[in-house]
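Colleague: These are the residues of each chain, in order.
Protein chains: 2
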Amino acid sequence: MIFEEKLNEYIMRINAEIEANFTDEDCLQRVVYDAMRYSITAGGKRLRPVLSFAVCDMLGGSLPDALRFGVAIECIHTYSLIHDDLPCMDNDDLRRGMPTCHKKFGEANALLAGDGLLTRAFEYLADFGAYKDVTPQTVLKVVFEIAKSAGCAGMIGGQIVDLECEGKENVDEKTLNYLHNRKTGELIRVSALVGALAADAGENEIKAVTEFAKKLGLAFQIQDDILDCIGDEKALGKPIGSDAENKKTTYVTLLGIDAAREKASALTSDAIRALEIFGDRAKFLKELALNLMGRQN
Amino acid sequence: MIFEEKLNEYIMRINAEIEANFTDEDCLQRVVYDAMRYSITAGGKRLRPVLSFAVCDMLGGSLPDALRFGVAIECIHTYSLIHDDLPCMDNDDLRRGMPTCHKKFGEANALLAGDGLLTRAFEYLADFGAYKDVTPQTVLKVVFEIAKSAGCAGMIGGQIVDLECEGKENVDEKTLNYLHNRKTGELIRVSALVGALAADAGENEIKAVTEFAKKLGLAFQIQDDILDCIGDEKALGKPIGSDAENKKTTYVTLLGIDAAREKASALTSDAIRALEIFGDRAKFLKELALNLMGRQN
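For the record, the sequence lines run as chains A and B. Here my numbering is used: position 253 in the first sequence is 253, and no number is missing along the way. Here my numbering is used: position 155 in the second sequence is 155, and no number is missing along the way.
Since the hints were made in silico from the structure, they are not lab data. Possibly wrong hints are sitting among the right ones.
The list makes no distinction among identical chains, and a pair is therefore deemed to hold if it is satisfied within one copy or across any two copies.
[As the list claims (entries may be wrong)] Derived pair list, reagent style EDC-like, types lysine to aspartate or glutamate, alpha-carbon separation capped at 20 Å:
no., residue 1, residue 2
1, Lys103, Glu164
2, Lys148, Asp24
3, Lys148, Asp34
4, Lys141, Asp127
5, Lys148, Glu17
Between the sequences and the hints, there should be enough to build the whole structure, so can you do that?
Modeller: Set out below in structure tokens:
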């Protein structure tokens with residue numbers, strides 16, 4: 001199957017699982033279900049669940065279980081975007097070409113919808129009757145690993161460092177790496193990890209796919225910085241130049257656009273090299289990495 | 001052992017576990033650890049972990065495991081207070097006699113400290129190596145039950161209905177019950193449930209302790225409404241009359257103070273009656289229910 005077909009098939013399965021789990025609820029607190037559904041069905045690349053699914057597929061594991069792990073991570077990713085967009089954080093009005101959650105539902109409802117998505121991720125993860133092949137031990141390990149990567153040593157830690165860097169003039173590359181390896185990198189790394197756990201992978205395989213995901217995550221962020229600078233607003237679904245406007249240090253402001261491109265490209269090569277042990281089985285993941293380099297949004 | 005001694009012993013064990021798990025962290029995102037620690041060590045009655053611990057103790061179960069379950073619930077309770085106090089929610093300056101988390105650390109850090117506590121609760125819960133006697137199946141069930149009770153069908157749902165009721169003149173008792181059975185009731189119910197699960201309790205025992213906790217939770221809320229009306233500000237650590245000022249419908253505004261007291265007292269009797277099957281073993285829990293009725297904060 002060619003790459004695009006396979007990617008679309010993965011995304012269709014992910015979106016179907018999300019649709020089935022975020023339905024309208026006729027109750028007094030209906031608005032919070034509406035707000036969660038609004039944000040999680042707003043599209044997006046589904047990179048994290050695609051990674052879980054593709055890694056598990058490569059390793060011949062249980063796909064419905066990897067799908068579940070990946071969709072839980074997508075819930076956490078979506079909650080983090082809702083909270084990041086709030087007025088006390090980035091104060092953004094648009095996300096993927098649509099009003100942000102708080103613009104549509106108000107601040108309090110958006111705050112609670114974010115909390116709701118984070119909580120739902122763990123309820124959904126721990127629903128053992130819904131799995132096909134994995135053991136309770138594996139599911140518990142997945143809960144632990146996802147929570148750790150989403151927490152203060154991981155994603156939230158990166159968000160905090162991002163806030164601390166705001167308005168600072170001399171943020172260095174080491175700090176920028178520290179920030180992004182956590183803020184976006186950790187969830188991307190754990191997405192690959194849980195795909196491997198759904199396949200009961202060995203240590204070497206786990207090491208290889210997480211190394212791949214770490215390099216991919218940083219390349220992805222650098223590409224984001226480049227697109228914020230020279231991207232197409234329509235394709236991005238948000239105004240460009242917001243980093244410059246907020247006087248944010250990015251890989252582009254720090255290295256210049258050419259060196260930033262080179263760094264992203266080198267990281268992509270490193271990511272692909274990490275998959276060598278899998279030979280031809282890694283074809284999809286390698287193409288995914290190359291594809292993310294060429295993306296417009 | 002007399003009631004107060006036993007209660008203090010429980011609370012000391014709970015606080016020691018919290019202190020050991022919320023230490024200073026010397027890293028770039030240090031402020032989020034400081035903010036979490038500030039809020040979770042600010043005292044409070046520790047009602048939820050006390051319930052988990054006491055139920056497990058009554059049933060002869062594994063106390064270190066019940067402690068772990070209960071402390072995770074306390075993390076979730078604390079995150080909900082931090083988010084509830086935020087300007088877009090209740091906009092409160094004081095909590096337990098101290099500045100609220102956002103007054104001390106700023107809004108963005110408080111938002112993320114709340115997110116961090118919620119995420120940490122699940123990381124801590126899923127850390128299977130830290131348990132003594134429970135199976136992975138039991139831990140997964142506990143993760144599931146806690147997430148469900150903290151989510152949109154539970155605590156968050158109650159917070160949403162609370163927001164929806166704000167400023168409305170004709171909130172009826174049915175809606176008020178719906179709200180509080182979720183906003184405060186669900187976490188109190190699940191605290192008792194997980195204490196029973198740590199003791200591998202049977203169906204009848206689980207039914208009895210959760211019935212107890214449900215009645216106790218609603219009595220607790222009514223007592224809160226009464227204290228907000230006639231309590232002592234110093235003992236409460238916050239100004240009284242805030243409900244009236246915010247034009248909130250409470251059990252006191254709805255029923256009057258005497259009928260509210262009667263309702264709380266009747267619910268406490270119901271709670272105690274639910275424990276009959278345990279005979280003398282339920283002495284502590286019964287005294288706890290009576291004690292909560294007489295509290296000043």
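Colleague: All hints, please: hold or fail.
Modeller: Tested hints:
{"no.": "1", "hint": "Lys103 x Glu164", "in the structure": "between (25 Å within a copy, 17 Å between copies)"}
{"no.": "2", "hint": "Lys148 x Asp24", "in the structure": "between (31 Å within a copy, 17 Å between copies)"}
{"no.": "3", "hint": "Lys148 x Asp34", "in the structure": "between (28 Å within a copy, 18 Å between copies)"}
{"no.": "4", "hint": "Lys141 x Asp127", "in the structure": "both (14 Å within a copy, 8 Å between copies)"}
{"no.": "5", "hint": "Lys148 x Glu17", "in the structure": "between (24 Å within a copy, 19 Å between copies)"}
Going down the numbered hints, you'll see the structure goes against none, and every one checks out.
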